[in-house]
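Work the whole structure out from these sequences, hints included.
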Amino acid sequence: MRLIPLLLKITFFTLLAGCIVAIFFPVEEYLEGELPPTEVKLVDISDESGLNFTHADELYSLFRHLPHVTHLGRWLESISASVAVVDINNDGLYDVFLTSTQIGSASKFFINQGNNKFVDKAADYNLSSLVTAARGVFFDCDNDKKMEVLITAHTQNKIMKMDKYGKFRDKVVLTFSKDAQLSTAVNVFDFNRDGNLDIIVNGFGHLNVPESLVSARNGSEMRLFEGKGNCEFEDVTEKLNFGRNFFAHAFAVVDLWNRGNKLDLWMATDFNEDHIFEQQDNYEYKDVSYLKSKSQSQSGMAAEAYYENNSPYPSIYVSHVFKTGYVTDGNKIWTWDPKNKMYFNSARDMGVNRCGWAWGGASLDIENDGDPDLLVANGFVSGDSTKNWWFVFQTTMNSARPLVGTPKHWPDMRNLNMSGHEQDCLFINNGKGHYRDYSKALNFDVDKRDGRGIARIDSDNDGLIDLVVANQKQKAYFYHNQSSGNYNWIGFELEATKSQWQALGAKLILTLEDGTVMRKIYYSMNGYAAQHDPRAVFGMGRQKPTSLMIEWPSGNQTTITDLQTNKYQRIVEP
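full-length UniProt numbering applies: residue 1 is where the sequence shown begins, and numbers increase by one.
These aren't lab readings, by the way, just hints derived from the structure by calculation.
Misleading hints may appear alongside valid ones.
[Said to hold, decoys possible] No more than 20 Å apart at the CA atoms, straight line, and that leaves these computed lysine to aspartate or glutamate pairs for EDC-like:
1. 145 - 493
2. 498 - 573
3. 171 - 211
4. 146 - 493
5. 161 - 148
6. 121 - 58
7. 286 - 221
8. 239 - 278
9. 339 - 278
10. 567 - 87
11. 164 - 124
12. 341 - 278
13. 292 - 234
14. 228 - 142
15. 161 - 87
16. 161 - 144
17. 164 - 91
18. 121 - 48
19. 262 - 232
20. 408 - 384
21. 408 - 278
[Unchecked claim] Each pair of labels, with its calculated beta carbon distance range:
22. 515 - 36: 26 to 32 Å
23. 446 - 392: 27 to 33 Å
24. 173 - 54: 24 to 30 Å
25. 561 - 325: 52 to 58 Å
26. 392 - 129: 35 to 41 Å
27. 115 - 348: 41 to 47 Å
28. 430 - 560: 27 to 33 Å
29. 337 - 61: 46 to 52 Å
30. 572 - 387: 56 to 62 Å
31. 392 - 36: 34 to 40 Å
32. 400 - 173: 35 to 41 Å
Note that this is a predicted model, so its numbers are computed, not measured.
Every residue, glycine too, gets a C-beta built ideally from N, C-alpha and C.
Below you can see the structure in the form of structure tokens.
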């Protein structure tokens, strides 16, 4: 893709020591050097498909007895729209669960009927009336090959287990030493390789406000719960060796340095730096956040692990805020440099750092041409107020730390309109390590809704990945992928037999006939407020596969050469 740089100079005047000082900030823009890709086509079919859902999050009834926070209004009601994809009835068609947070509102569980048709059966599963639900995470915590669901909500996180009548019932509550507000940062993994799935979770504060824009430590605690195999959990947070409290949005679970049997953690953190936790040989963790090169990263939202440019090391995409004149660093793609043994941010060079107030991020090959693309949901709070809320917010955060961390000193935010009406980003990879946002040209998020969780799903099993976007206090999108490149693809569904059967954390290495090596992580819960279709789909362009190597969570390796192009294959660990 040929991009023509156009360098503009923006001048700001400020009063410094009695003098007016002009500061010039170069802003690089681009003139489009080619037409948008005609092969890419994502069509919102939420109405036609029956996947019709509007998120609700008016929480006055919850906050009315808390006068110290009622004036924060829309600020507190801004982070609870989520989506989960799961095949709950094992019919080979993936279903969609969307949470609604307002007391009295209904979450919906859309069961896939085939042919991109869905029917809401949340009431049948007892998942409709969930008080202040923020996230739903489906996993098997007793290894009976039936899914349980972890529901996070205001002040309480609970696991629900399906009874013999097919209804989910409360099983266990995961407790904090202090009630946490909205635990959107949650992931499931087998950290000690005992075959039982464990949970890591971090709440977003305690109905309070951050004490700093860049170094807040008055958020919620991070908790690690070890699964015992019967849906009972033991709090083993001491294994994290980390006692500070943060405003966290997401955890990515990934073997960062290809050590084979380790599961490291990347915590996307708001109002502070992201944190990296390296797993040690004793299954405990060490904070190695110093491995990030110097870069502003104090508004982390999503944490998505994927392989960029077929690198042997996974990259970590972290959504961040971008606002001209206020926050100008934007999104991050952290890539590992084995020579310098550091992570460097390459998002600006790749062209994906600017996407407004970014939230969910999903890496996928939209048209299966062999290059990963990136979709980012954005927008904070859309309203009608004409006040410069960014100026108000910045002024508030520049006050003394004790004042900033006290809700009563914050402005009335019940009429908030801040970084609203933003268009989600559709970053298409040009195959040379650079991306271009074609959201406007391809009519992506034309209504400019306030996006949050974004989940991958192949709803019709055609190898083209579809998308569900949960929007805050707004209608969800269901994008059917109608891309027309007719490129080759191959998909895999795994079942482990020597560890947790969901095979979370397995690695897939695919070799193509031209020698290209492609890698994927078998993990459905990285990102932000989203659980994805767990199947691994490789877009191969015009190539065909020659071999697949699977590294299972048990450490076993399987090599397969009998591969069928343009189909899904189910592989069971030998």
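Now for the hints, and whether the structure bears them out:
Pair hint residue 145 plus residue 493 holds up; C-alpha atoms about 15 Å apart against a cutoff of 20 Å. In summary, the hint linking residue 498 to residue 573 is supported, as the alpha carbons are separated by about 8 Å, within the 20 Å threshold. For a cut-off of 20 Å, the pair hint linking residue 171 to residue 211 is broken: about 36 Å separates their Cα positions. Restraint check for residue 146 and residue 493: the C-alpha separation of about 16 Å stays at or below 20 Å, so the hint holds.
For the suggested pair residue 161 and residue 148, the alpha carbons sit about 5 Å apart, so the restraint of at most 20 Å is met. Among the hinted pairs, residue 121 with residue 58 is inconsistent with the structure: their alpha-carbon atoms are about 24 Å apart, more than 20 Å. At most 20 Å may separate the alpha-carbon atoms for a hinted pair to count; residue 286 and residue 221 meet this at roughly 16 Å. Annotation: proposed proximity of residue 239 to residue 278 holds, straight-line Cα distance about 12 Å (limit 20 Å).
Distance hint between residue 339 and residue 278 is fulfilled; the C-alpha atoms sit about 18 Å from each other, no more than 20 Å. For the proposed pair residue 567 and residue 87, the alpha carbon gap of about 18 Å is at most 20 Å, so the pair holds. For a cut-off of 20 Å, the pair hint linking residue 164 to residue 124 stands: about 13 Å separates their Cα positions. The straight-line distance between the Cα atoms of residue 341 and residue 278 is roughly 14 Å, inside the 20 Å bound, and the hint therefore holds.
This hinted pair does not check out: residue 292 and residue 234 have alpha carbons roughly 32 Å apart, beyond 20 Å. Straight-line distance between C-alpha atoms of residue 228 and residue 142 comes to about 8 Å, which keeps the hinted pair within the 20 Å bound. Note on residue 161 and residue 87: the hinted pairing holds, with a Cα-Cα distance of about 16 Å set against a maximum of 20 Å. Between the alpha carbons of residue 161 and residue 144 the distance comes to roughly 11 Å, so the proposed pair stays at or under 20 Å and holds.
Our distance criterion of 20 Å between C-alpha atoms is met by residue 164 and residue 91, whose separation comes to about 18 Å. Distance check on the hinted pair: residue 121 and residue 48 sit about 17 Å apart at the alpha-carbon level, within 20 Å; holds. Taking the CA atoms of residue 262 and residue 232, the gap is near 23 Å; set against the 20 Å cutoff, the hint is violated. Proposed proximity of residue 408 and residue 384 is contradicted: the alpha carbons are some 24 Å apart, above 20 Å.
Under the criterion of a C-alpha separation no larger than 20 Å, the hint pairing residue 408 with residue 278 is inconsistent with the structure, at around 39 Å. Residue 515 and residue 36 have their C-beta atoms about 31 Å apart, which keeps the hinted 26 to 32 Å range intact. Checked against the hint of 27 to 33 Å, the C-beta distance between residue 446 and residue 392 comes to roughly 29 Å, which is consistent with it. Separated by about 29 Å at the C-beta atoms, residue 173 and residue 54 satisfy the suggested range of 24 to 30 Å.
As the Cβ distance of residue 561 to residue 325 is approximately 56 Å, the hint placing it in 52 to 58 Å holds. Remark: the range hint 35 to 41 Å for residue 392 to residue 129 is upheld by a beta-carbon distance near 37 Å. Against the hinted window of 41 to 47 Å, the Cβ-Cβ separation of residue 115 and residue 348 comes to about 42 Å, which satisfies the hint. Between residue 430 and residue 560 the Cβ separation comes to about 31 Å, which falls inside the hinted range of 27 to 33 Å.
In this structure the supplied range 46 to 52 Å holds for residue 337 paired with residue 61, their Cβ-Cβ distance being about 51 Å. In this structure the supplied range 56 to 62 Å holds for residue 572 paired with residue 387, their Cβ-Cβ distance being about 59 Å. For the hinted restraint 34 to 40 Å between residue 392 and residue 36, the CB-CB distance of approximately 37 Å keeps it satisfied. A hinted range of 35 to 41 Å for the beta carbons of residue 400 and residue 173 is consistent with their spacing of about 38 Å.
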